[in-house]
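2 protein chains.
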Amino acid sequence: MLFTIYSTLARKKEIFTPQNAPHVGMYVCGPTVYGDPHLGHARSAITFDLLFRYLAFLGYKVRYVRNITDVGHLENDSDYGDDKLLKKARLEQLEPMEIAKYYTDRYHDMMDALNVRRPSIEPNASGHIMEQIDMVQQILDAGFAYIVNGSVYFDVIKYNQQYRYGQLSGRVVEDLLSSTRDNLEGQEEKRNSVDFALWKKAQPEHIMRWRSPWSEGFPGWHLECSAMGRKYLGDKFDIHGGGMDLLFPHHESEIAQSQIANGDTPCQYWMHNNMITVNGQKMGKSLGNSIMLDEFFTGSHPLLAQAYTPMTVRFFILQAHYRSTLDFSNDALQAAEKGLKRLMQAVKTLNNLQPSATDDNNIIKNIETECYDALNDDLNSPIAISQLFEAVRIINSVADKKEKLNANDIERLKKLFHNVAFDILGLKDEQSGNQNELLNNLVKMIVDLRQQSKEKKDWETSDNIRKQLTELGITVKDTKDGTEWVV
Amino acid sequence: MLFTIYSTLARKKEIFTPQNAPHVGMYVCGPTVYGDPHLGHARSAITFDLLFRYLAFLGYKVRYVRNITDVGHLENDSDYGDDKLLKKARLEQLEPMEIAKYYTDRYHDMMDALNVRRPSIEPNASGHIMEQIDMVQQILDAGFAYIVNGSVYFDVIKYNQQYRYGQLSGRVVEDLLSSTRDNLEGQEEKRNSVDFALWKKAQPEHIMRWRSPWSEGFPGWHLECSAMGRKYLGDKFDIHGGGMDLLFPHHESEIAQSQIANGDTPCQYWMHNNMITVNGQKMGKSLGNSIMLDEFFTGSHPLLAQAYTPMTVRFFILQAHYRSTLDFSNDALQAAEKGLKRLMQAVKTLNNLQPSATDDNNIIKNIETECYDALNDDLNSPIAISQLFEAVRIINSVADKKEKLNANDIERLKKLFHNVAFDILGLKDEQSGNQNELLNNLVKMIVDLRQQSKEKKDWETSDNIRKQLTELGITVKDTKDGTEWVV
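Protein chains in written order, with the numbering used here: chain R, 1 to 487; chain C, 1 to 487.
Among the hints, a few may not be true.
Since copy identity is lost for identical chains, a pair holds within one copy or between any two.
List time: in silico EDC-like cross-link candidates among lysine to aspartate or glutamate, alpha-carbon distance up to 20 angstroms [what the hints assert, rightly or not]:
| # | residue 1 | residue 2 |
| --- | --- | --- |
| 1 | K231 | E205 |
| 2 | K61 | D235 |
| 3 | K414 | D235 |
| 4 | K467 | E98 |
| 5 | K231 | E95 |
| 6 | K231 | E98 |
| 7 | K101 | D112 |
| 8 | K61 | E174 |
| 9 | K467 | D478 |
| 10 | K467 | D448 |
| 11 | K414 | D400 |
| 12 | K444 | D463 |
| 13 | K231 | E216 |
| 14 | K61 | E95 |
| 15 | K61 | E98 |
| 16 | K444 | E471 |
| 17 | K236 | E95 |
| 18 | K13 | D377 |
No lab work stands behind these hints: they were computed from the structure.
Turn these sequences into a full structure, and let the hints guide you.
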């Protein structure tokens, strides 16, 4: 089965065919660095990390560009100088770039914790003002933008006469026009409410400003991705990804900008991850139900019953298909925590499994095929994970001597877990590390001492040891083959 | 004693007096991201991290700007299109920004490992081309630069008639003129060999290029620090730091640029950390004796007898005064490793010290005073550390019941270690962390089990336990007060 991905533009799954294999160019909308990263950031980053990892696994050489929005993040209905980042800057009496640096670091730290691979290039909007000015000029020269009071707006109505504004989102300009209120603050400069800013003249209170042929100001929000995608990946690249909340107007406007400036839409495949809901409601800062990643890791949010490790959060996200909504609940996260532990325990069991002289097991081969088929089918991680759990069942059954596997099948399973669980899904055993080895050795020592006291019929000591270990969160199981234990 | 720092420009120690206390603006030259960070990077970063931490300790609000040089790092005698970063990019067939991103991440990871606090703002040269172009234009407008074939050069001879080129480094323009060879490649465009490039026209093979009023090209290397320092810290800020190798021509040229563009030298205090030598020879890539930080951490360099932890490297660097040369040797690093362990062990001992009903100990008060006096005296970290070791001697002596301290003095010592060792010197106990607590509990369990077997006169078990612990690298000491142990 060939790798297929769902193209938001084509509205169907398509076989992935890069333009210059083995090279793949991929652009994903990164964070706006004026606040702490939340679960939504994690979902988008993990979705496209899965894609990045899978493409690498398939042998592609991927240049993955993920931007940092550190200026002028303007929203559709309030894009008149109301720069979120600056609001915060004035509030905290700080240089905007100081805030941007702080939250960029926070984002990086959280992404590292989630085992999200770092992108190949991570350009920031403030560092590409010239490229954005050039693009505005190109659009002006082509006649698809107009200047009012030092600001430049994209003429959506004119564009829509020749191309289709709405081809990605399915929106219709006429409907948009009738539904948008024309009298919102800052709308009065536009010829039409659907037009969007390419360049905004800075109001006197604006700290972040650059000179341009039109005014001292700052670029419109949609522009940075078009300009930076083009700079690092070329006029037309393979994949553009982002959260579904960016589909309109952000990505729709990117298409319009690239169509005029580059003569073509910016990419072959548009991919969008779905949103996270809390009890069925969209998660969002403005709704007050947004949980920061740091709060997950420390358990410090009223909605959280406990702390969840970064890998639990990652596993929770991967257990849903990226195009489905993912509903947050403590139950679901606790289930993910248990499932991940079971998976990681099975990997250890697998490494100690004794092979038998028996035939190849067709179920193992089948699990392998199903796993990769799922990934090839638009990155269906939940199906791939369920296949891994099928493997876990067999591994535990073999460990319990209820089933047998030959050396060949054991190797096959090891490879499957190595590739799918670790390389592609990007899971990791959070217990591992250098200290862990020492820790394991110490527990082994204690378990052996307990065994010795049992042999000496010193039940008091052996019971005490078990009790103390339990208090430290270490469970000891006596099996036919000796003593097993789990931290 | 007031905080004094050695000003390279004044050639003497001066009382540190910021212009807008409690705010302090500080700029330090960061890495060129075309290679892996080495010991020299660590020394500069740790020196100014000590300054950053000490200023914060003194109550200043510091805006610390450390740049990332990701374009056009031109060297004095070969600044004709010979961009180091691009050389590597062509070699590896990569987009320059992809290499820059990789090595920026490497630098950040190493600095995190060394417990170097992150700067407040970390601007990159490629993201501030407009600001650099503006500064070139200002210098041109002032008549201190000239254009040749699309490149712009700073007129050092003209500048030197009015100001003094060489005021920082002590060099004399006439001497420089007679010693510089005029016929080096790329020198022919300059009016005089001492002039330096503000803007270079890009040769056809140059990938990194930006439009400018003079040519498609890239900024001269000295320019980025002047432009970014001014942007984020103002025309004249408090401290400019960097390695002594940057004193000339880089910082000398920065002074000239700012003098003309801003009407003043860029800062109040110039501070320079000295170099690292290997057997008395300068450490440098071109000399083949440059050891990368990663090689220290893994022990994978022929000159290294073993791996050294990041904290050992940090402690080794802090054990020399920043203005002295620091000679690398395995002996010195091993001594640092031992010293750091001794210090950290003493902190643990201190936390368990029993107070006695005795008078205040004047020596403790004296150690405290000497420690802060040393730091106030141009950040004399080796003296401060030697005072901490004096405290260690007393702590161990009290633990051995040879001396006594009252509760007041014990608190005083705890505060001293907290402030000086951890907060200001930025040392940390590498054994600490979450797992460490579990580890400690497990060792405690084993030590208790050993105690029990001794009480039962089960010498075989108790000896075995000791032997096994030793094999795991854990040393058990029997003292009068019970059992102590060190991992």
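We went through each hint and held it up to the structure:
{"no.": "1", "hint": "K231 to E205", "in the structure": "between (31 angstroms within a copy, 17 angstroms between copies)"}
{"no.": "2", "hint": "K61 to D235", "in the structure": "within (19 angstroms within a copy, 45 angstroms between copies)"}
{"no.": "3", "hint": "K414 to D235", "in the structure": "neither (42 angstroms within a copy, 61 angstroms between copies)"}
{"no.": "4", "hint": "K467 to E98", "in the structure": "neither (51 angstroms within a copy, 54 angstroms between copies)"}
{"no.": "5", "hint": "K231 to E95", "in the structure": "between (28 angstroms within a copy, 10 angstroms between copies)"}
{"no.": "6", "hint": "K231 to E98", "in the structure": "between (26 angstroms within a copy, 12 angstroms between copies)"}
{"no.": "7", "hint": "K101 to D112", "in the structure": "both (16 angstroms within a copy, 15 angstroms between copies)"}
{"no.": "8", "hint": "K61 to E174", "in the structure": "neither (43 angstroms within a copy, 54 angstroms between copies)"}
{"no.": "9", "hint": "K467 to D478", "in the structure": "within (14 angstroms within a copy, 26 angstroms between copies)"}
{"no.": "10", "hint": "K467 to D448", "in the structure": "both (15 angstroms within a copy, 14 angstroms between copies)"}
{"no.": "11", "hint": "K414 to D400", "in the structure": "within (18 angstroms within a copy, 54 angstroms between copies)"}
{"no.": "12", "hint": "K444 to D463", "in the structure": "both (16 angstroms within a copy, 17 angstroms between copies)"}
{"no.": "13", "hint": "K231 to E216", "in the structure": "between (23 angstroms within a copy, 16 angstroms between copies)"}
{"no.": "14", "hint": "K61 to E95", "in the structure": "between (38 angstroms within a copy, 13 angstroms between copies)"}
{"no.": "15", "hint": "K61 to E98", "in the structure": "between (34 angstroms within a copy, 13 angstroms between copies)"}
{"no.": "16", "hint": "K444 to E471", "in the structure": "both (17 angstroms within a copy, 14 angstroms between copies)"}
{"no.": "17", "hint": "K236 to E95", "in the structure": "between (36 angstroms within a copy, 16 angstroms between copies)"}
{"no.": "18", "hint": "K13 to D377", "in the structure": "within (8 angstroms within a copy, 69 angstroms between copies)"}
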